[in-house]
Amino acid sequence: MIYQGKQKIWADYQKEIPDDHWFYVRSCIRQNFFPGAEHMFLEICRNVLGKDFFETEYHTTCGGIAYHCDTIPQETVMTIVARQFALMTEAGYENYVASCITSFGNYAEIMETWREFPEVETKIRELLWKACRREFKVPKYLAHASDLIYKYRNEIAAKARFRLVNRHTGEPLRVVEHIGCHYSKMFPSKGVGGAEYPYVLCGMIESWGGNVIDYPERRHCCGYGFRQYHVKANRGYSVSNTYKKFESMEPYHPDFIITNCPGCPYFMDRWQYVIAETQGKTYGENGYGIPVLTYEEVAALVLGYDPWDIGLQLHQVAVEPLLDKLGVEYDPDAKYKGLDRKDIMRPELPGVLKCC
Amino acid sequence: MDFGFKISPSSAINLDKVDLGKFEELHKAEPDVYKCMACGSCSSTCPASRFSGMSVRKVILDLQRGREKEAVALMRNCMLCGKCTMVCPRGINTRHLILSICRIYMEDGK
Numbered sequence: 001m002i003y004q005g006k007q008k009i010w011a012d013y014q015k016e017i018p019d020d021h022w023f024y025v026r027s028c029i030r031q032n033f034f035p036g037a038e039h040m041f042l043e044i045c046r047n048v049l050g051k052d053f054f055e056t057e058y059h060t061t062c063g064g065i066a067y068h069c070d071t072i073p074q075e076t077v078m079t080i081v082a083r084q085f086a087l088m089t090e091a092g093y094e095n096y097v098a099s100c101i102t103s104f105g106n107y108a109e110i111m112e113t114w115r116e117f118p119e120v121e122t123k124i125r126e127l128l129w130k131a132c133r134r135e136f137k138v139p140k141y142l143a144h145a146s147d148l149i150y151k152y153r154n155e156i157a158a159k160a161r162f163r164l165v166n167r168h169t170g171e172p173l174r175v176v177e178h179i180g181c182h183y184s185k186m187f188p189s190k191g192v193g194g195a196e197y198p199y200v201l202c203g204m205i206e207s208w209g210g211n212v213i214d215y216p217e218r219r220h221c222c223g224y225g226f227r228q229y230h231v232k233a234n235r236g237y238s239v240s241n242t243y244k245k246f247e248s249m250e251p252y253h254p255d256f257i258i259t260n261c262p263g264c265p266y267f268m269d270r271w272q273y274v275i276a277e278t279q280g281k282t283y284g285e286n287g288y289g290i291p292v293l294t295y296e297e298v299a300a301l302v303l304g305y306d307p308w309d310i311g312l313q314l315h316q317v318a319v320e321p322l323l324d325k326l327g328v329e330y331d332p333d334a335k336y337k338g339l340d341r342k343d344i345m346r347p348e349l350p351g352v353l354k355c356c
Numbered sequence: 001m002d003f004g005f006k007i008s009p010s011s012a013i014n015l016d017k018v019d020l021g022k023f024e025e026l027h028k029a030e031p032d033v034y035k036c037m038a039c040g041s042c043s044s045t046c047p048a049s050r051f052s053g054m055s056v057r058k059v060i061l062d063l064q065r066g067r068e069k070e071a072v073a074l075m076r077n078c079m080l081c082g083k084c085t086m087v088c089p090r091g092i093n094t095r096h097l098i099l100s101i102c103r104i105y106m107e108d109g110k
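Taken in sequence, the protein lines are chains P and F.
When we follow the working numbering, the leftmost residue of the first sequence carries the number 1, and every step to the right adds one.
When we follow the working numbering, the leftmost residue of the second sequence carries the number 1, and every step to the right adds one.
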């Protein structure tokens, strides 16, 4: 196909994403924050869409958090990553998909470094061989898991039980999309839509029936920023960033926020509690907060999975008002039932932020 | 509830609402003020900086942002030793600049 004019410019921001056969690596922190998200990603890709996704219990952290906190040098990170690539090579895969945004940025940075400085790659190959007698091939294709849900968005929409439409008013839900900084701000060409027009989450929202909200601080960081949060003395910076974002989006009355990063949903979710306790302010309707969901959770919701099976009870901000708008059926008594209906105990309710 | 940290007050400055009349006056008297690239050589060499926070770089930035009170408060710590003039890579006569700032911004001129 010949692209011309604006079509050609837009084509430069697109990614050709392979359809099938992926080696999947999980995030360090997402499984603790929102454990249903990664589970639902594999469930949707494997069982709903019938794709081939392989994961191994032998993979480790990518070293991204320590790297971005300046506690380990890049050679160490590269050797850790080389081992992950070796696992992929041993499993017979060539397409590598990361669940974590920082991992994605980390892999992109390392692959770009090796392309630019082949002698560094040679050195890392030697280090890996000395460390664990493994060899690796560089992935043919690197993607973030949200790229794949973006690619499959229309297939998901075709199978969806619910659309992102307020069933009381018939209006599309107003959705804030928040892209993780390491997705496209480090290597704009690696993300769908680049750094200027990130489209990966917008595409999902539009396909599933919602309306994307544009607001002044749309591309502002969520506030996590590793060193801002991990150093306790800096946590004021972290919550201040989140506060700035919420103050900016408040006039647009979003129904929920969709994110594609491990840290963003966690901090935008939990900091709403801290803002409520310290400032006495809540951003949702009737004293509730604005639910912050991962893209896998939203995909699972529109496909009709039980909200408690996808881990929505682990969010600080109550999701029930959103479920009511979507028309999703749920059993309030089952909210704190785990596997086999085992009671997982109830959290202490906050004083200001209203929770169901 | 005290979490041990809190929301920092916004440091955003709306330049549309800042009156830069005096800064323009300063620019007429000292055209070199626009040459400053905020390298900080003046601040690092300032003998008053360690004890009082004096920094010519900060003073210029404050004045550009309309934070006149903060700039004047800093200015009062200057001893006019002239070390900043000696190290400025842009050759700005910072000592003369400081005297002009005092004349324009300090009501009593001292």
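Hints were generated in silico from the structure; no laboratory data involved.
Be careful, since some hints might not be right.
What the hints assert, rightly or not - Taking lysine-lysine pairs in the BS3-like style, the calculated list, with each CA pair at most 27 Å apart, reads:
1. Lys244/P x Lys35/F
2. Lys244/P x Lys17/F
3. Lys51/P x Lys15/P
4. Lys354/P x Lys6/F
These are the hints, each one checked on the structure:
1. Using a Cα cut-off of 27 Å, the hinted pair Lys244/P and Lys35/F is violated, with the two alpha carbons roughly 34 Å apart.
2. A distance of roughly 21 Å separates the Cα atoms of Lys244/P and Lys17/F; the hinted pair therefore holds under the 27 Å criterion.
3. For the given pair, Lys51/P sits about 19 Å from Lys15/P by alpha-carbon distance, which is consistent with the 27 Å threshold.
4. Between Lys354/P and Lys6/F, the direct Cα distance comes to roughly 21 Å. Compliance with the 27 Å bound is thereby established for this hinted pair.
Violated hints amount to a single one, hint 1; each of the other numbered hints is respected by the structure.
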